[in-house]
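A.B. asks: Each chain is listed here by its residues.
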Amino acid sequence: MSTAAATPQTGAAQRAPRRGAPAWLSWAGYATVLAVVLALAASSPNFLVPANLAAVLNQAAVYAIAGFGLAVVIVTGGDDVVDGGIDLSVGAVAGLAGTVAAVASQAGLPPVASIAGALAVAAAAGTVNGAAVVLGLRPLLTTLATMGIAGSLTLVISNNVKVPFTGAAFEWLRDGSLAGLPVAVVVMLVLFAVVGLGLGSTSWGVRSYAVGQNPTAAKVAGINPRKYIFNSYLISALLAGIAGLLLSARLSAAVPGVGNQILLDIILVAFMSVVFSRRLVVTITGTLVAALFIAALTNGFTLLGVASQWVGAAKGVLILVVLAVVAIRGRSDAK
Amino acid sequence: MTATATRNRPGLRPAPRAADILPRLIAPLVLAAIMLAFSVLTPTFLTGDNLLAVLNQTAILALVAAGMTVVVRSGGIDLSVGVALDLAALAAAAAIAERYVPWVAVVVGLAFGLAVGLVNAFLIVVLRIPPFLATLSVWFIGTSVQQLLTGGGAPIYLVRSQVPEGFALWGNGYLLGVPFPVVAAVLVAGVVYLALDGTRWGRELTVTGEQPGASRISGKRVGALGASAYVLAAGVAALAGVVLASRTYAFIPASGQLYVMDAIGAVFIGATLSKYGRVSVPGTMVGVLIFALLANGMNLAGLSFFWQGLARGLALLLVLLLGVVLARQRTSRVRPPATATTAVPARKG
Amino acid sequence: MSSASDTPGAASAPLLSMRGINKAFGAAQVLTDVHFEVHAGEVRGLVGENGAGKSTLIKILTGLYQADSGTIEFGGAKVSITSPADAERLGIHVIHQDRHLAGRLTVAEQLYLGRSEGRYGWVSRRQLNRRAAADLERTVGLRVAPDLLVDELTVAEQQLVQIARAVLAGPKLLVLDEPTAPLASAEVAQLFATIRTLQAAGVPVVYISHYLQELRQISGTVTVLRNGANAGEVDLAGRDDALEQVVELMVGREVEEFDRTRTAARTPDPAGEALSVMSLTVPGALRDVSFTVRPGEVVGVTGLVGSGVDELADAVTGNRRHGGRVSLGGRPVRSPRAFVKASGAYVPADRRRDGALVRNTIQENISLVALDKVTAWGGLIRRRAEKALAQAQISRLDIRPARPQAVVGQLSGGNQQKTVLARWLAAESKFLVLDQPTSGVDVGSRAQIYARINDLVDAGAAALLVTVDLEELVGLADRILVFFRGEIVAELRRGEATTDRILALASGAGQAGYADASGSAGADTELEFA
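Chains as they are written, first to last, in the UniProt record's numbering: chain A, 1 to 335; chain B, 1 to 349; chain C, 1 to 530.
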C-alpha cells in the first residue's frame, strides 16, 4: 500500500516543502512489531520453533479473516466510529455460522451443505446490516442490534450447549495442511491476497475509500455509495462466517458465546492497521500484521508463563500506546 | 433581503405537521404497543406490583443509560461503563466482606468507579484517542484488573446476615413504598436531565459535542467539558455498581458489561425523539422502558432467555428503521433548500 | 436591455435550454417558471442573492433535485436528468460551492475518481501519478505532487484539482458555482485563463458568483434571478453602468455597500493598543510577523494562498500553536479561552463548522459567549433573559426570521453569519477578528455586516479583517497589511490603497520596490469598484 513511489520531479514538487506525515512513520509501526516479536523470541526459546509459529499463524487466521471484513466496512463507511462504518456483529455472526454448521452436520447434512448453510446465514446477517445502513441507520446501532439477534439465535439453535464439530471435512480444516501450511493459514493468505489487492489496487478499492471519506464527493463523481456500502457489510459478514467455521474447526466444537469473546480482538486488529499506513487509514495489510502481532503476543505470553488475565491487560495497554501514537501523529498533521 | 424574507416567512411560525412529528413518536408508540400486547397476553403484566418490580429490575440499566446519555451528548461514547460498574461493585463488596462500615464501602465503590472515568478522560481529552477505541481498551484492561483482583475471576459472595443494614438498603431498601434503586434512578435521571437541558454546563457540553470547533472558538473549556462527561458517566455507573452489589449481596465479575450494549441501544432509541437526533434523558428512559418491558413480558409469557437478545435486537432495529423510513418520506416531500443546511457539520481530523 | 429578453446572441440555437422550471420544497416555492439558456462558446453569468434559486436551478440541472415541472433540452434534444451520473453522461460538469473531495485519497486518485482510476478496474499508482501530474499542469497550471493526500492541499489547490477534474472529462458544459470564493487573485487569473481556453474550444461555461467584478471580466451576459424567478438579463459589455443594473435587478433596489464618503482613515488613539503581535511564527506559514491594532481602527490583512494569512486568524486567536507573543489589551493570548476572556471575538472562515451552531436556535447561538449574563445560581439558564438578549441582537442586525426559536441551520448564509456576529456583540467584545466575514453572504446582509463593524469601531472597538475580497478590504480597512510568503511586505493607509496596488504587492512585485509595483501584475486581472 505504499504510495510514496516515483513521482515526476517537477520544479514545483521540489520547491514545495514535503507535506503530510513522512513515510518513515508507517515503518515505525512495523519496527515496533518486529521489536516486540524479537524480544519474545529472545526470552522464550520455544517461540521461534516452526510448530509454534504454525500455531501462531493458525490463531491469527480467525482474527485476520474477520478483521479483513471489518476493515472493508470501516474503509467504505468512514473511520469515525460513532457515525462511520463499524460492524459489531462480526463476532456474533462468526459464532452463529460455526453453530449452524455444527448443528447441520450433526443432523446428518454433508459438509458442503453445512458450510453452505452457515455462509448463507452469515450472508443473511450481512444483508440485514447492509440494507439497514443503506436505509440510513447508524452502523453502530444496526450492527449492535444484529449482534444481539445473532447471539440470541446461536443460543436458540445450540440450546446453549457446546455442539461438537465432527466429520472428516472439519477434521481436515483443523489438522490438514496445504503446501506445508495449515489449511486455515492458507485460507487466510488467499483471502488476504484477494481482499488486499481488491482494496489496494482496483477501482473498487479506490472508490470504496472515496465513499468512506466523503460520500457526497463519491456521488458527485458518479459513484453510487449505497452499492459499495451494502456490499461492504455483505463481505464483512461472509468473511466473519468463514472465520467462524475455522474457529469452530480449531476448537472442534461450536461454543456458544465465543462470538462475543472474539469481537474485541477483531475490532482491535482492524483499527490497529491504521498504524501501518502513511495515510492513517485502515488497510488490509495492516490488519494482517496486527492479527499476527496479537496472536504472537498472546502466544508469547503463554510461553513465558504469564497468567492469562495479564494478557488482556497487556493487550489493552498496548492498544492504548498504539492509539496514543496515532492520535499524536494525527495531531501534528492537522495543526 | 427580499429573497431570504420570502423563504423564511419572518414572524410566521411554521405549523407543526403530522409528518414532521410522526418519526419522533415511534419510540413512545412502540413502548405503548409493547404494554398493550403483553397486558393482553399475560394478565399479571399490567399490575402495580409487576410494574414496580419491572422498574426495580430496570433501575440499574436506567442509571447506566443516564450516564451514557451525557457521554453521547458530549460527542463521545463509553464502552467502559460496565467496568466502572463492576469495579465499584467489587470494591464495595470487598469492603463489606472486610467488615468496613457501610459508608466506607459506598465511598470506596464510588471512588473505584470514578477512577475509571478519570482514566477515560485522560485518554480521550489529554491523549486525544478516539472515545470508542479508548473506552474499548479500558474495557479490556478493566476486565483483566477484575480478574487480577479476584484471583482469576472468582465471585465474592457476602453472607446475607452479616451485611450491615446501611449497605443492604442501597439495593433492597424502600422509601415510601418505592424500592430504593428506583428512587435512585429517578433522582439521578432527573438531575442529569436538568443539568443537560437547563444549565450552562449542559448547553456548553452539547455545543462541544456537536461542533467542537465553534465551542473552542467561543472560549469554552472543551477539554474539561469532555472530561466531565466521562467522569459523570463513570460516577453514575459506580452508583449502579454499589446498588447491584447491595441487591445481590455479591460481586460477580463482568456483570456490568451486560448493561453497556443495552444502554447504548436505549440512548439511541431515545435520540429518535429529537428532530436533530440529539440524545436526551427522557428519550433514553423511553428506550430503557422498551427493553425492560420487553424482557419482563417475555418472562411472563414463558419464553426462555435465549430469545431475549433476539427481541431486543428486533425492537432496536424496528424503532430505528421506522424512524429513518418515515423521516425519509418526509424529506423527499419537504427537502430544505441546499443553502439552508441542517447537516451535521463536517468533521475534521 | 434589462428586461427579460430571450436570447442575446440569438444567432445559434442554444446548447442548453431550461424552460418553465418550477420547484417547491413543501410549502415554499423556490423556483417559479424559470427559464435559462446557454449558447455554445459563451460564459453565462448567473447571479442572485442567497436564496434567489441559483443553487436549486443548478442542482436540478445536475440531477441532485428533480423539477416539479418544466423541460430541459440539451444539444437540441429533450433530456431527463435524474442523477449526477446522468448529467455527466451528457457532458454537464459542475464544480459545486461546497468542495466535494475525499480527503484521504491522493490527488491522483481524486482526479480520476469514478472515471478511469485504472485499466480494466486495475489501478497502477505509478502510471496514475504520472498522468495526474501532467494533466494538472496542463489544465489548471497546478504543480503539486500527485501522491499527496487531498487533505494536505490548501483549499485553493483543492478547488483547482476539482476544476481540473471537470476539464479533463471533456465537458460539453461546465458549471462553476462560486469558484473563486477560496481563491486569491493570482489563482483567479489562472482560472480565468482556463475558462477562456474552454470558451475558445466552444465549450460554454455557466459562472455563478457573488463577485460581480469578476463577471465583468469573464462573462458576456448574466442572467439575474430574484425570489426564484427571472429578474432579467444584462449584457455586461453593453453599458458602462451594467453592473449597477445587475445589482438593482438582484435586490430590486439600490444598495450602498460602503460609505464612499469616508476616504480618510479614522484617527485611532495613538497611545492605545488593542492587539499586539510580536514575532509571530507558525512553522510553514508565518515568519516573525509583528504588528499592532489600536482601538478605533480596522486593520485589513490580505495575501495570496501560501502567504500565511490563512493561518494568521487562527494563530492570533489562540486556535493554532505558534511562536512569538500575542497579547490583547495587555493580556497574553495562548488559548482561544484567553482570547475570549480578553474581550476578543473571532468570526471564523468556516461558518458551518466553526461559526454557526447549525442545530441550535438563534437564541442559543447568540447567548453562547455571554452565557454568564443569563445564568442564575446553580448554573441554570434563565430562558427569559436569554431570549431578551437574543432579541436585542436580532433587531440590531436585522436577522431574518426574527424568531429567537428559529433553528440556525435553516437560515441563509447571510443570516447565519449575522447570527455569529451577534454572538460577539451580545458579549460586548471589544476586539474582532473577522476571517472572510462575507464569503457566501448576499449583498444585502453584507452591507449590514459592514455597517455594524463600522459602528463598533467608531465606538472604540478594534478589528482585524482577514479577507481575499480586495473590494471589502479597501472599503473597510483603515490600514492594510499585505502578506507575501509568510511575511508582511507592505503596509498601506486608507486612501493610498487600491486593489491594483494590493494585488501587485501580494503577488510579490512589491519586493522590488513600490514604484513599479502597481502596474505590472494588476494588468490582466483588472479589479475595480462596482
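Derived by calculation from the structure, the hints in this document are not laboratory data. Errors might be hidden in some of the hints.
Cross-link-like lysine to aspartate or glutamate pairs, in silico, EDC-like; alpha carbons within 20 Å at most [said to hold, decoys possible]: (1) C:LYS78 / C:ASP68; (2) B:LYS275 / A:GLU171; (3) C:LYS387 / B:ASP197; (4) C:LYS373 / C:GLU428; (5) A:LYS227 / C:ASP68; (6) C:LYS172 / C:ASP68; (7) C:LYS341 / C:GLU428; (8) C:LYS373 / B:ASP20; (9) A:LYS219 / C:ASP86; (10) A:LYS219 / C:ASP177; (11) B:LYS275 / B:ASP20.
A.B. asks: Honestly, which of those hints from before does the structure not fit?
C.D. replies: Of the numbered hints, 2, 5, 6, 8 do not hold.
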